[in-house]
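Sequence lines, in order, name chains A and B.
Position 95 (the first sequence) corresponds to 99 in the working numbering; numbering is contiguous.
Position 185 (the second sequence) corresponds to 225 in the working numbering; numbering is contiguous.
Bear in mind the hints are in silico, worked out from the structure with no lab data behind them.
Each hint should be verified, as a subset may be incorrect.
Below 30 Å or equal to it, Euclidean Cα-Cα: the simulated DSS-like pairs (lysine-lysine) are [what the hints assert, rightly or not]: (1) A/LYS179 with A/LYS31; (2) B/LYS182 with A/LYS252; (3) A/LYS159 with B/LYS204; (4) A/LYS355 with B/LYS182.
Covered, in the sense of this in silico footprint (three residues per stretch, anywhere, with C-beta under 8 Å from a C-beta of chain B), are these stretches of chain A [what the hints assert, rightly or not]: (5) 53-59; (6) 148-161.
What follows is a set of in silico ranges between Cβ atoms, one per label pair, in the way DEER data are often shown [as the list claims (entries may be wrong)]: (7) A/SER378 with B/ILE266: 52 to 62 Å; (8) B/LEU189 with A/GLY357: 31 to 41 Å; (9) A/ALA156 with B/PHE308: 32 to 42 Å; (10) A/GLY357 with B/GLY156: 14 to 24 Å; (11) B/ILE266 with A/LYS29: 43 to 53 Å.
Predicted model only: the values in this text are computed from it and were never measured.
From the three backbone atoms N, C-alpha and C, an ideal C-beta is built for every residue, glycine too.
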Amino acid sequence: MNKSTIIFGAVLLMTSTFANADDHKVKVGMITTLSGGGSGLGIDVRDGFMLAVKNNKNIDVIIKDDQRKPDIAVQLADKMIQSDKVDVLTGIIFSNLAMAVVPATVNQGKFYLSPNAGPSALAGKGCHKNYFNVAWQNDNLHEAAGGYANSAGFKNSFILAPNYPAGKDALTGYKRFFKGKLAGEIYTKLGQKDYAAEIAQIRASGADSIFFFLPGGMGIGFMKQFSQSGIKLPVIGPAFSFDQGILKAVGDAALGVKNTSQWSKDIDNAANKKFVNDFKSTYGRLPSLYASQGYDTGKLLISAMSKAKITDADKFRNELRKADFASTRGNFKFSKNHHPIQDIYVREVIKEGKTLTNKIVSVGLKDHSNVYVSKCKM
Amino acid sequence: MSLILFIEQLLNGIQFGIMLFLMSAGLTLIFGVMGLINLAHGSFYMIGAFAAAIVAGLTGSFWLALIASLFAAAISGVLIEILIIRRLYRRDHLDQVLATFALILLLSEGVRWLFGAFPLYLNIPSSLDGSIVLPFNIIYSKYRMFIILIGIIIAIGLYLLISKTRLGIRIRAGQNDRQMISALGVDISKLYTIVFAIGAALAGFAGAMIGAIQSVEVGMGEPVLILAFVVIIIGGIGSIKGAFIGSILVGVTDTLGRIFLPNFLKLFMDTANATSMGSSIGSMLIYILMASILLIKPSGLFGKNEK
């Protein structure tokens, strides 16, 4: 390294210190999936978050696409922390990417606010004081689906999910609450689109209900093929296969399906109404649950910023913990391991005019926390 | 496990194989005739599906949508061949892989730019909705039966095209000795464009047929492309017959494997382990099949022997 590079480096360092001098400002790094499979989720989280922080001059957001690849997410996080000097990271959609980025981020003293991924490893032993999940712990929606199956009187469920960690969490979550028997249990290939073989198994199994967790395009294929097969069994799933971005592609095959979600566009409170209206007028489409999670993440950040400076990490953390913001979900608190305590609803897919959307039919689990709280030493 | 369920799963395997055949027939022709490794073949699958979804959305007719998928994929095939691919025939395989990989990125981002990141809607026509009852009381989806029939018709058509027509003679000659047929006065560059368009059209058609039961989204072609490569390696590169037999082999192995392996393992271990392990091994089966076939026949089932 010659002299001029050293000087150049020193100048860079100085400017970056100056940039951080204004401690009312918070620099946010958003790493999310904006291209390839699953980009619809990242786009919704980004749009929801940006809507929440739109008029806040004290928040600077850098947005980068992780392409759903853990190695790229890690590189982006390193760059954002080391050269962009962000204070808060957020945005990651997929649990395997979160596992690659979150531990290193929080260990460097940065905050991580998760707008989506909530792997069990980060809720239990791996919990951290600087890690907050604003969406849910991964198991939550599946647990509510199991609870709903009991109340609907199902005794013999056929369950399926992709063969990867979140898929296993899903079936575990369902089984944790479901009291009936299992007619069958299948792990499909991750990314599988054709379910002819599985549907034939379901037909032969004598099940009285089906629970499935097949996020994104996988669920579209399953629902269409299931409805084409003519099997008339009730289907339950988490909201991931019935969110606003996907319903259009599934079409009428989704009508009447019960799905569990912590958010729905018809939750009756002022914050939610404002969010739904603002989102529609800004982006010209209906928001999904992912958009609501991004929005709540932004609002949570603003609530903490109004009470504490980011430079005072302990105070800032305490303000985050209070979750003193008007959530689109109504009641929202953090449990001891920094995951939401919230109502999980049962929704039904309906048609409003020509648009497929969801409507709440009941509260599945009231003030639901997660089972990993006791394992978290914080 | 009843016999009826077994036959139903066998049909599912064949249907999956037929779909793979539509993809791999074009791929193997293009490789056989032009010596081109075309990674962008999956993009034509996507283009066909998107064209079908758009036309079905505008006109409401699934049949028009199918025709549109053929034309859209064939036309984009011709354009891409003339503008880009043509320059790659003389280059080595690494250049071809790099260039066609770049094409994947361009086409995927282009489609996303035009239609957005959210999946489009395309459904099967109501006349093919529901199931039919086959002999022995086997219930099977009408639409999947339709895919099998169409696939067989296309396979026969391709066989006749290659073995009975003048174009077929040229294609076969092109596979054997490129320099010689151009020396004999055959317009080789026109032949290449036609072969490329046929391959693209078949892929686009497969995309539309499958898009109707799965999902029409950006990047839908690449997973199928990987399987299509497995098929042409098993069948022997350049051989349509090999592609057909390879497709059915892969389709049936994959479908039966992923269903029956977990059930088989349940005889030895508890259910949770058996399902998880069975499906893991199930997804490896086709690669194990490929490896074992290559051990016995290094150039594939119907490939020309390496010199």
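Here is what the structure says about each hint:
Between A/LYS179 and A/LYS31, the direct Cα distance comes to roughly 41 Å. Violation of the 30 Å bound is thereby established for this hinted pair. Under the criterion of a C-alpha separation no larger than 30 Å, the hint pairing B/LYS182 with A/LYS252 is consistent with the structure, at around 24 Å. Of the pairs offered as hints, the one joining A/LYS159 and B/LYS204 is violated, with about 60 Å between alpha carbons and a cut-off of 30 Å exceeded. For the given pair, A/LYS355 sits about 27 Å from B/LYS182 by alpha-carbon distance, which is consistent with the 30 Å threshold.
Only residues whose beta carbon comes within less than 8 Å of a beta carbon in chain B count, and the segment 53-59 of chain A has 0; fewer than three means the coverage is violated. Look at the segment 148-161 of chain A against chain B: 0 of its residues bring a Cβ nearer than 8 Å to a Cβ of that chain, fewer than three, so the hint is violated. A C-beta distance of roughly 44 Å is found between A/SER378 and B/ILE266, which places it outside the suggested range of 52 to 62 Å. A C-beta distance of roughly 38 Å is found between B/LEU189 and A/GLY357, which places it inside the suggested range of 31 to 41 Å.
Evaluation of the 32 to 42 Å hint for A/ALA156 and B/PHE308 yields a pass: the beta carbon distance comes to about 35 Å. Taking the beta carbon of each, A/GLY357 and B/GLY156 are about 21 Å apart, inside 14 to 24 Å as hinted. The hint said 43 to 53 Å for the Cβ distance between B/ILE266 and A/LYS29, and at roughly 47 Å that hint holds.
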